[in-house]
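Chains as they are written, first to last, in this note's numbering: chain A, 1 to 656; chain B, 657 to 892; chain C, 893 to 1145.
Hint data in this document are derived by calculation from the structure and do not stem from the laboratory. Among the clues, some could well be false.
Beta-carbon label-pair distances, calculated as ranges [claimed, not checked]:
1) C:Ala906 with B:Leu693: 53 to 61 angstroms
2) C:Asp990 with A:Asn383: 22 to 30 angstroms
3) C:Ala911 with B:Ser669: 32 to 40 angstroms
4) C:Ala906 with A:Gly181: 32 to 40 angstroms
5) A:Gly501 with C:Lys985: 33 to 41 angstroms
Among chain A residues calculated to face chain C with C-beta under 8 angstroms, some are [unchecked claim]:
6) Gln65
7) His72
8) Val128
9) Ala129
10) Glu137
11) Gly140
12) Leu141
13) Pro460
14) Lys502
DSS-like mimics (lysine-lysine), calculated; alpha carbons at most 27 angstroms apart, straight line [said to hold, decoys possible]:
15) C:Lys985 with A:Lys313
16) C:Lys901 with B:Lys748
17) A:Lys313 with A:Lys380
18) A:Lys390 with C:Lys901
19) A:Lys153 with C:Lys1042
20) C:Lys920 with A:Lys307
Keep in mind that this is a model prediction, so the values were computed, not measured. Virtual Cβ for every residue (Gly too), placed ideally from N, Cα, C.
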Amino acid sequence: MTLDSNIPAGPLGQKWTKHKMDSKLINPANKRKFNIIVVGSGLAGGAAAATLSELGYNVKCFCYQDSPRRAHSIAAQGGINAAKNYQNDGDSVYRLFYDTLKGGDFRSREANVHRLSEVSLNIIDQCVAQGVPFAREYGGLLDNRSFGGAQVKRTFYSRGQTGQQLLIGCYQALAKEISGGNVEMFPRTEMLDLVVVDGHSKGIIVRDLVTGEVTSHAADAVILATGGYGNVFYLSTNAMGCNVMAAYRAHKRGALFANPCYTQIHPTCIPVSGDYQSKLTLMSESLRNDGRIWVPKSKETAEKIRKGELKAKDVAEEDRDYYLERKYPAFGNLCPRDIASRSAKQVCDDGRGVAPSGKGVYLDFEQPISVQGQQAIAAKYGNLFQMYEKISGDNPYETPMQIYPAVHYTMGGLWVDYNLMSNIPGLHVLGEANFSDHGANRLGASALMQGLADGYFVIPTTIANYLATQTPGSVTTDHPEFKRCRDEVKDRVSTLLQIRGKRTVDSFHRELGLQIWDNCGMARTPETLNAALKRIPEIRDEFWANVNVTGTGKELNMELEKAGRVADFLEFGELLCHDALDRAESCGGHFRADHQFTEDDEEVKDGRTQPGEAKRHDDKFSYVAAWEHNGTGKAPILHKEDLVFENVAPSIRSYK
Amino acid sequence: MNALSCKLCSFWSSSIGKKTVVALTGIVLLLFLPGHLIGNLLFFLGPDSINAYGIFLHELGHGAVIWIARFTLLACLIAHVVATIQLVRQNKAARETQYACKATVTATRSSRLMIWSGLTILFFIIFHILHYTVRIAYDFDGPAFQTMLDGHQTLNIHQMMLVGFSNGPVTIFYIIAITCLCSHLSHGVSSVFQTLGLRTEKSASAITAFGNLYAFAIWAGFLSMPIAILFFGVGK
Amino acid sequence: MANLNLTLKVWRQARPGDAGSIETYDAKDIPEEASFLEMLDIVNERLIPAGGDPIHFDHDCREGICGACSLTINGVPHGPEGGITTCQLHMRKFKDGDTIWIEPFRAKAFPVIKDLVVDRSAFDRIIESGGYISVRTGSAPDAHAILVPKEAADASFEAAACIGCGACVAACKNASAMLFVSAKASHLNHLPQGQPEKHERVLAMVKTMDNEGFGNCTNQYECEAVCPKEISADNIAKLNRDYSAAKSHDAVV
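When you get a sec, could you build the whole thing from the sequences and use the hints?
In structure tokens form, the structure reads like this:
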């Protein structure tokens, strides 16, 4: 299989313009004849469904939530980047492109990232026109802040609820199209399979989560905008329902899965407090602007804190290790997410963690409060402090917060070309569900940008390149392939319901998550990965022999829903570990402990970086790893798309 | 129906429209209360004052004003009652299954008893009109209720009040009804501001205080007469 | 770190239209650090091996923003704390030995689907009837072409913070949706972008609200008191005002 990224020729800055010009058009009378399925109603899916409907296509949109307004894009807090340069501080489309490419540790496509950067301008215009209430200055102009260590202020925001506001804008656009009759919305409906007819993606099989009915839907093209797979770790900042099923079903039908090992761990989450824990809560990264991160210098002191014999306040200043300030004097507590996360893991592995579980570090506001006053801190972080107190019961004005890293975002996803089409013709993948724009690490405030770019501006243009080659309505649900897939889905559902074993679905999910977190989490080695690759199939076998899924398939049955998702995670987890094992380098969110800089490296000696930092091997791994499914329990087949850098020479990411 | 009456119908049939009707008619009824009260308080100045006031009202605008006022008040009352009863029926229908565990976070008791206080007031108004205006509930036609004022024979309102409020059951009903009115007003007055879109968070406490003060003033004013007559023998 | 022993009184209903009833469950040894929904997870984890049917409830993000969770706890939507959703409520707010009543958000317009799960699609239909600004993708002018006074932007944001959970309806003695509808109307009507469709929006949304079978607002402010995003009842006053203006405009112009 050869992977053609279909990147247009020509200078970087003109590729997208040229591609739009070269793209096929479908005349308005014909658009009405094309049916498009959109799975997912978050920023990418909702934006795509609304825009394609505006263009005149017939759209069916599916989501598992009870309303498209609840998609997990809603939880993004910080903001959305755009190269507007409204602050006149030197930002430009090229600079946003460069920062994103560098932030992604040079593991993404130049052309895609540049397009994202170009389109970022239109996104802000579109959202403002929709009525998204971005923060404003007194003169009525839009306000911006600097985010995630960026040197320019390019982030647009609505307090700490930017994702929510953007999603509501998108949801409203979708609502308008639903009322116009061009979009048919299917809430509480889950995609259980992709139907591929003669090599082309022509429909999906879904289950109505309320009635349990399994139905087929045919279309001329299918769009997946189903988010990331962070819940393979069980505990993550994702919503409980986030899952990999749609993407993984497509993968099993032939779609390549790219770079699954690129997972982002967010440094500032509330630590795990017990086995029953279902979810990790993110505390905004903005807290690191003032908060100081530390642990005790000695293990003994940490031990006493864990046992509750000693309080943070009782630890003398000289007995504290402000490890980020110590290791990264220039960036201090504001160093990038992956570095902050890994450092927290290191000190906790060292036995100096302060949470009762041993996995937590302090985020302390004592000094900023004494310097700036409690009022100033309350004005900046009042809401966050309140939220923390509600969850933990501790008052951050008096005792330091405890934080620990948690899985947050997944950069990997289904492989797509420049048109956002996967290797299965007709199957398009948008947003977090694809792999395309963030490389090995995503910068803060870029996820919202990518979702909306894909949905509002890219797919409405590029999907025509596929549709123009198709006769509308050529495949209907009468095709035998639909019946075959539907039967398979029904069989799978009834198999799950017939096992009636002894263990709950959640217990399997927790066990899998722990395996992945311990062995393929913040630091990975061939030993841990091989251990996971040995253990995951065992868990999977036990699942299919001993899971207890209660109830029937003919009603709202949340255990059944979870079982289907966990079953796919149990296969996907293996793929994740395979990719992490194959990529014998460290880059972005993928840290291989056996590939880090040491005192002996030239780059350390000449001061470009320091020991313990991630070590890339551009000569061997400057490629996209796109995996082909080869049967459950069998090693997947690797296909490589080489990354070509014509405009930016990859360099060492240094935050010293 | 012409276009405008169509619009009026749709206004009436909408939830906000109907509530606006309740608020606007409520204002009329609210404005009536102090006028009525001040007239009644003339009782304390002696028979001649209140009886002269009665004549004044009846002769204002050659007798037209009192009828205009009566019809306006009656129309407002009917609209107020019909609209609220319809709204309450819709409200009951909007929650078919009740909570097994009921709780109230902030709603005042008087706000939750509006329909009951309102209906009590309605029955009271009917009784009150039959009692003193139509005078069929009690025989005020005898010569004992006529008096001479400025050389003309006229109705002795002062005497009617004395007799009316000397009756225990009537007075107890009156006191209950006026207390219901007070409760009704304590929510109703501030509610008018909200329904007409004139309340804000900043002005809320002032509006609530005004409503409560208004309700209390009306309560105290109307109860002063029966209490003075029944318990202190004033005017006898 | 004490653990709690609780008695739960939970509404169980197998399917839409069924009678349903309150069932009693013992919830023993519940860590007080657990969230309310995690407490229910624990109860379910014990129910399943015992052959019971797990209690169904809506939830998703578990961080107070998606608006999926929807329990009426001891008669109060989202529980006793105020300013939070059920998923943000933690067990340390309860005492050992407490009896906790857990019921669905009750309203005729929110029919029960199963146990504590209700159908809130009426809210979607209200938005579909006019809760948007009509702007085609790609047709927007530059973002700075529209100046929005900070005060208007902030007021709009305060209203737009609504998560559409339906607690306002569940708490209202009349099951009125006025806080939800008014929040959406305020969000858009405060902005210059929202002016062209202001009258139509207000009329259409109120009409849909009425048709969906919600009750009428009687200005008791239960909605505001339980709203996890603390949306102000000022929005209701504004909607009342805007509605009368729209009706007058509609009748005369």
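Consistency of the hints with the structure:
1. C:Ala906 with B:Leu693: 53 to 61 angstroms: 59 angstroms, holds
2. C:Asp990 with A:Asn383: 22 to 30 angstroms: 29 angstroms, holds
3. C:Ala911 with B:Ser669: 32 to 40 angstroms: 33 angstroms, holds
4. C:Ala906 with A:Gly181: 32 to 40 angstroms: 34 angstroms, holds
5. A:Gly501 with C:Lys985: 33 to 41 angstroms: 36 angstroms, holds
6. Gln65: Interface hint status for Gln65 (chain A): holds (6 angstroms vs cutoff 8 angstroms).
7. His72: 6 angstroms, holds
8. Val128: At 4 angstroms from the nearest chain C Cβ, Val128 (chain A) passes the 8 angstroms test, so the hint holds.
9. Ala129: With a minimum Cβ separation of about 4 angstroms from chain C (threshold 8 angstroms), the hint on Ala129 (chain A) holds.
10. Glu137: 7 angstroms, holds
11. Gly140: At about 3 angstroms, which falls below the 8 angstroms cut-off, the nearest Cβ of chain C leaves the hint on Gly140 (chain A) intact, so it holds.
12. Leu141: 6 angstroms, holds
13. Pro460: 7 angstroms, holds
14. Lys502: 7 angstroms, holds
15. C:Lys985 with A:Lys313: 26 angstroms, holds
16. C:Lys901 with B:Lys748: Answer holds: Lys901 (chain C) to Lys748 (chain B) is near 25 angstroms, not above 27 angstroms.
17. A:Lys313 with A:Lys380: Given pair Lys313 (chain A), Lys380 (chain A) holds - Cα atoms ~23 angstroms apart, limit 27 angstroms.
18. A:Lys390 with C:Lys901: Roughly 24 angstroms separates the two Cα atoms, so the pair holds.
19. A:Lys153 with C:Lys1042: 19 angstroms, holds
20. C:Lys920 with A:Lys307: At roughly 25 angstroms apart (the allowed maximum being 27 angstroms), Lys307 (chain A) and Lys920 (chain C) satisfy the hint.
Checked against the numbered hints given earlier, this structure breaks none of them.
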